[in-house]
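Visitor: Between the sequences and the hints, there should be enough to build the whole structure, so can you do that?
Chains as they are written, first to last, in the UniProt record's numbering: chain A, 1 to 310; chain B, 1 to 310; chain C, 1 to 310.
Please keep in mind that the hints were generated in silico from the structure rather than gathered at the bench. Keep in mind that the hints are not guaranteed to be accurate.
Chain copies aren't distinguished; within one or between two, either way the pair holds.
Pairs of lysine to any residue residues, derived as SDA-like cross-links and limited to a Cα-Cα distance of at most 20 Å, are as follows [claimed, not checked]:
no., residue 1, residue 2
1, Lys243, Gln199
2, Lys108, Val265
3, Lys243, Asp9
4, Lys108, Ser263
5, Lys288, Asp36
6, Lys77, Leu226
7, Lys32, Val65
8, Lys86, Ala261
9, Lys203, Thr170
10, Lys203, Gly143
11, Lys140, Arg171
12, Lys59, Glu34
13, Lys32, Val66
14, Lys112, Pro253
15, Lys59, Gly35
16, Lys112, Ser263
17, Lys59, Glu23
18, Lys77, Asp198
19, Lys112, Ser293
20, Lys277, Arg139
21, Lys59, Glu107
22, Lys277, Gly35
23, Lys59, Glu69
24, Lys203, Arg238
25, Lys112, Asp262
26, Lys32, Gly62
27, Lys77, Ala261
28, Lys77, Glu102
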Amino acid sequence: MKHLVKMSDLSTIEIQQLLDEAERFERGESWKTEGDQFVANLFFEPSTRTRFSFEVAEKRLGLQVVNFEATNSSVQKGESLYDTVKTLESIGIDALIIRHTEDNYFEKLISKINIPIINAGDGCGHHPTQSLLDLYTIRKEYGRFHGLNIVIVGDIRHSRVAKSNAETLTRLGANVYFSGPREWIDENNPNGTYIELDQGIEKADVVMLLRIQHERHGEKNGLTALEYHKQFGLTLEREARMKPGSIIMHPAPVNRDVEIADSLVECERSRIFQQMKNGVFVRMAVLKEVMTSNKGEIGKWQQYLKMGSF
Amino acid sequence: MKHLVKMSDLSTIEIQQLLDEAERFERGESWKTEGDQFVANLFFEPSTRTRFSFEVAEKRLGLQVVNFEATNSSVQKGESLYDTVKTLESIGIDALIIRHTEDNYFEKLISKINIPIINAGDGCGHHPTQSLLDLYTIRKEYGRFHGLNIVIVGDIRHSRVAKSNAETLTRLGANVYFSGPREWIDENNPNGTYIELDQGIEKADVVMLLRIQHERHGEKNGLTALEYHKQFGLTLEREARMKPGSIIMHPAPVNRDVEIADSLVECERSRIFQQMKNGVFVRMAVLKEVMTSNKGEIGKWQQYLKMGSF
Amino acid sequence: MKHLVKMSDLSTIEIQQLLDEAERFERGESWKTEGDQFVANLFFEPSTRTRFSFEVAEKRLGLQVVNFEATNSSVQKGESLYDTVKTLESIGIDALIIRHTEDNYFEKLISKINIPIINAGDGCGHHPTQSLLDLYTIRKEYGRFHGLNIVIVGDIRHSRVAKSNAETLTRLGANVYFSGPREWIDENNPNGTYIELDQGIEKADVVMLLRIQHERHGEKNGLTALEYHKQFGLTLEREARMKPGSIIMHPAPVNRDVEIADSLVECERSRIFQQMKNGVFVRMAVLKEVMTSNKGEIGKWQQYLKMGSF
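Guide: What follows is the structure, encoded as structure tokens:
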């Protein structure tokens, strides 16, 4: 694995191997990089979970970390993403974690950049480590994906998580359903079928709620928060009708009493904060994989350094 | 000590023990945490001294540090303090340093959060590590608190430092006086008595100046900076009338020529920059105490991790 | 070397020694500081290259790093640069890297501050580590400075790099020429002579392009980007007339198709990204020099610490 920019680049075997590796880290297995290896976190959008989850993962692996924030950088002077990334490569950064507002920002980079890029979210596009931590959470619960009913609820059309998860879960044998406002369902998405929420709730092994992205929409499809909650949210009544043992997931940050009733956020079925915990193990696995499988090239670069011929 | 949120939670014995520990660190004693332990600094208000003093203290103890800034985080998406803190706990942070604009923000957190919180300032409320470093500075000078005359000058009513210090110094046997504009004196505060500045100056073993908080008031009680300085500031004339050996303290940042004449900031009596130096040792002591006395619980969490049952 | 604030403070021997040290670092030689030594990066202007180049250099030397950003600090409360710097010294920072908008900001500091300051750019003044990396890049190419024709193109009058480089290169025996809009040439600068760009291009061993500083000018001397490029930029046509083996340099960030044609940024002659790479080695050399030559004093401070007499 050179880069990790989207889930569809990973085979199901590679996915299972990454989840296995994450499990070893959760069990307490330790692995540290040798010598000084540098990772840069480039976040062009605000983030708490993903940003700090990566930083903790990086430091647990013994990586040296530099945190790039667009507001204090030469991006203010109009520098392009490519030039910024090339700069970081030039000063000796060994891997990049990037979140950017632009869909598929990485397409322009990966052919020209010699260090691995891990996509931490691109516009309405992809967010592969979020998908992996979702998969990890499900596998941890059920030990399998095959035959599980996963109901994804919310703005399927704009959610980077929904699209990646639907595609991957379908590949892994799960039955994916989409629910929420009809205008937000992508009818052309072949990896899931529409289901009424009250029907989906009863069928689901996993209810996967999506965040209402105020910062993208400015409104909830014309509904007030309360109306949205009643029609498309996980209310106390709906939770009571879920199957025994079925679980609730949400990528967070949660809008309490909108996507989910406040008191359900930490209920017994909820895996919301466990997802965050799992995120660290999954990111450690991805980082280890990326740092080791690019070893050859990195070694080469370091040799160039020694030869002074780079 | 699970958390450190306000001075009144500490017994006088605990206070003396923390100051003893700080003294050992000042003398050069070293103590490092074992394995990777993570601390997050969450500052919702600007800060230089407190923020960097904590970061230096943390790193001297071998802690892994992540710096959370509200402006680049999901707080921008409306995430609550509780959810932010719970997130950081979930991703494996072992202790939190928090400064927040809201008085007593920690009340809502401490019952629900399993990791220690060190309060680095809440609104007009508390700032226990500032109090501890002030106590340390006084004890270093006089070797005791009993019988000392401490004159606190400025906006007693809104100062988090004034209130904590007055309460603690009174408990420790010092005589606390308040001075400054009458409107800023809290008549209901039982831990100090009002004194005219010119009288207080001559009586004081410690003149403890408070910062005029432009960012909270916008004005200095209707006075110009020059008028304030003449009436309630430490002028050259007043300093000349201080007792031999008595000292000047200020939590900083100083408004030069307002609370104190510019040339007195680094005069022989001034302990202003020494207070900052002492702050690092005091914070090392607090961090060590918090990290070790919660060891049981943290160990448990790590065991859960290994069992995969969390 | 106590501080490094401007190139004219360095003798030619000191310059060559720093470049030799940088070369050793490039060859893979390792040197780590002993114990916990702290460096603070204070950037009052946006920066990518310089800021991260320093951070990587610091971490490669095993230094503990704190990153100060004006926007989240007490500078917001009106704290002066002196008080900020004195604060960082008080809390135990061993060296400061400062970029500031004000010309010669360091003059007010160096007599009063006991820890070394490395200037990372002051207003339109100096930027010594950029000069050193430029020198390193040239020496690496030609093995000497004597007799080389260096043509500096752009806003000589406002460029901190241009002034330092012209002075130093002249001292080292190179022939320095200035080119670009006549209004931007400083006729009083004794360290270079004006040359028409098309003549300079053919004569140059090094074409050193300067960045158009939109953030300072707001305009390009009344010209559109295209007009500037045609008249004063390195076009494909001009590059074709350069001498065999001659090289192109630019401190970056580059305005593509303004100072230089987009496709030339990574052409064979270009050393632009190599300059960035070299910057890390040069900064490691400067940091090592500053940390070791101040060792006496730092040691003294640590002794004071132990004696508790500071």
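Visitor: Next, verify each hint and record whether it holds.
Guide: Against the structure, the hints:
In this homomeric assembly, Lys243 and Gln199 come within 20 Å of each other (Cα to Cα) only inside a single copy, at 12 Å, whereas the closest approach across copies is 76 Å. In the homo-oligomer, the alpha carbons of Lys108 and Val265 lie at most 20 Å apart only across protomers (16 Å), although the nearest pairing inside one protomer, at 39 Å, exceeds that limit. Taking the shortest alpha-carbon separations for Lys243 and Asp9, neither the intra-copy value of 34 Å nor the inter-copy value of 46 Å comes in at or below 20 Å. For the homomeric pair Lys108 and Ser263, the shortest alpha-carbon distance between copies (15 Å) is at most 20 Å, but the shortest distance inside one copy (44 Å) is not.
For the identical chains of this complex, Lys288 and Asp36 are neighbours both inside a copy (14 Å) and across copies (17 Å), given an alpha-carbon limit of 20 Å. For the identical chains of this complex, Lys77 and Leu226 are inter-copy neighbours only, at 19 Å across copies versus 43 Å inside a copy, given an alpha-carbon limit of 20 Å. In this homomeric assembly, Lys32 and Val65 come within 20 Å of each other (Cα to Cα) both inside a single copy, at 14 Å, and across copies, at 18 Å. Only between protomers do Lys86 and Ala261 lie at most 20 Å apart by alpha-carbon distance; the minimum there is 17 Å, versus 45 Å within a single protomer.
For the homomeric pair Lys203 and Thr170, the shortest alpha-carbon distance inside one copy (17 Å) is at most 20 Å, but the shortest distance between copies (65 Å) is not. For a Cα distance limit of 20 Å, the shortest separation of Lys203 from Gly143 inside one copy, 19 Å, qualifies, whereas the shortest one across copies, 71 Å, does not. Proximity of Lys140 and Arg171 under a CA criterion of 20 Å is satisfied intra-copy only: 18 Å inside one chain copy versus 54 Å between copies. In this assembly of identical chains, Lys59 and Glu34 lie within 20 Å of each other by CA distance both inside one copy and across copies; the values are 13 Å within and 15 Å between.
Taking the closest pair of Cα atoms, Lys32 and Val66 come within 20 Å of each other both inside a single copy (18 Å) and across two copies (19 Å). Taking identical chains as interchangeable, the C-alpha atoms of Lys112 and Pro253 lie at most 20 Å apart only when they sit on different chains, with a minimum of 18 Å there against 34 Å within one chain. In this assembly of identical chains, the alpha carbons of Lys59 and Gly35 lie at most 20 Å apart whether taken from the same copy (13 Å) or from different copies (12 Å). Within a single copy, Lys112 and Ser263 get their C-alpha atoms only as close as 49 Å, which misses the 20 Å cut-off; across copies the closest is 14 Å, which meets it.
In this assembly of identical chains, Lys59 and Glu23 lie within 20 Å of each other by CA distance solely inside one copy; the values are 18 Å within and 30 Å between copies. In this homomeric assembly, Lys77 and Asp198 never come within 20 Å of each other (Cα to Cα): the closest approach is 51 Å inside a single copy and 29 Å across copies. Taking identical chains as interchangeable, the C-alpha atoms of Lys112 and Ser293 lie at most 20 Å apart only when both belong to the same chain, with a minimum of 18 Å there against 42 Å between chains. For the identical chains of this complex, Lys277 and Arg139 are intra-copy neighbours only, at 15 Å inside a copy versus 44 Å across copies, given an alpha-carbon limit of 20 Å.
Proximity of Lys59 and Glu107 under a CA criterion of 20 Å is satisfied in neither setting, with 28 Å inside one chain copy and 31 Å between copies. In this homomeric assembly, Lys277 and Gly35 come within 20 Å of each other (Cα to Cα) only across copies, at 19 Å, whereas the closest approach inside a single copy is 27 Å. For the identical chains of this complex, Lys59 and Glu69 are neighbours both inside a copy (18 Å) and across copies (19 Å), given an alpha-carbon limit of 20 Å. Proximity of Lys203 to Arg238 under the C-alpha cut-off of 20 Å is restricted to the intra-copy arrangement: shortest distance 12 Å within a copy versus 70 Å between copies.
For the homomeric pair Lys112 and Asp262, the shortest alpha-carbon distance between copies (15 Å) is at most 20 Å, but the shortest distance inside one copy (46 Å) is not. For the identical chains of this complex, Lys32 and Gly62 are neighbours both inside a copy (5 Å) and across copies (17 Å), given an alpha-carbon limit of 20 Å. Taking identical chains as interchangeable, the C-alpha atoms of Lys77 and Ala261 lie at most 20 Å apart only when they sit on different chains, with a minimum of 18 Å there against 44 Å within one chain. Both within a single protomer and between protomers do Lys77 and Glu102 lie at most 20 Å apart by alpha-carbon distance, with minima of 19 Å and 18 Å respectively.
The structure shown violates the earlier hints numbered 3, 18 and 21.
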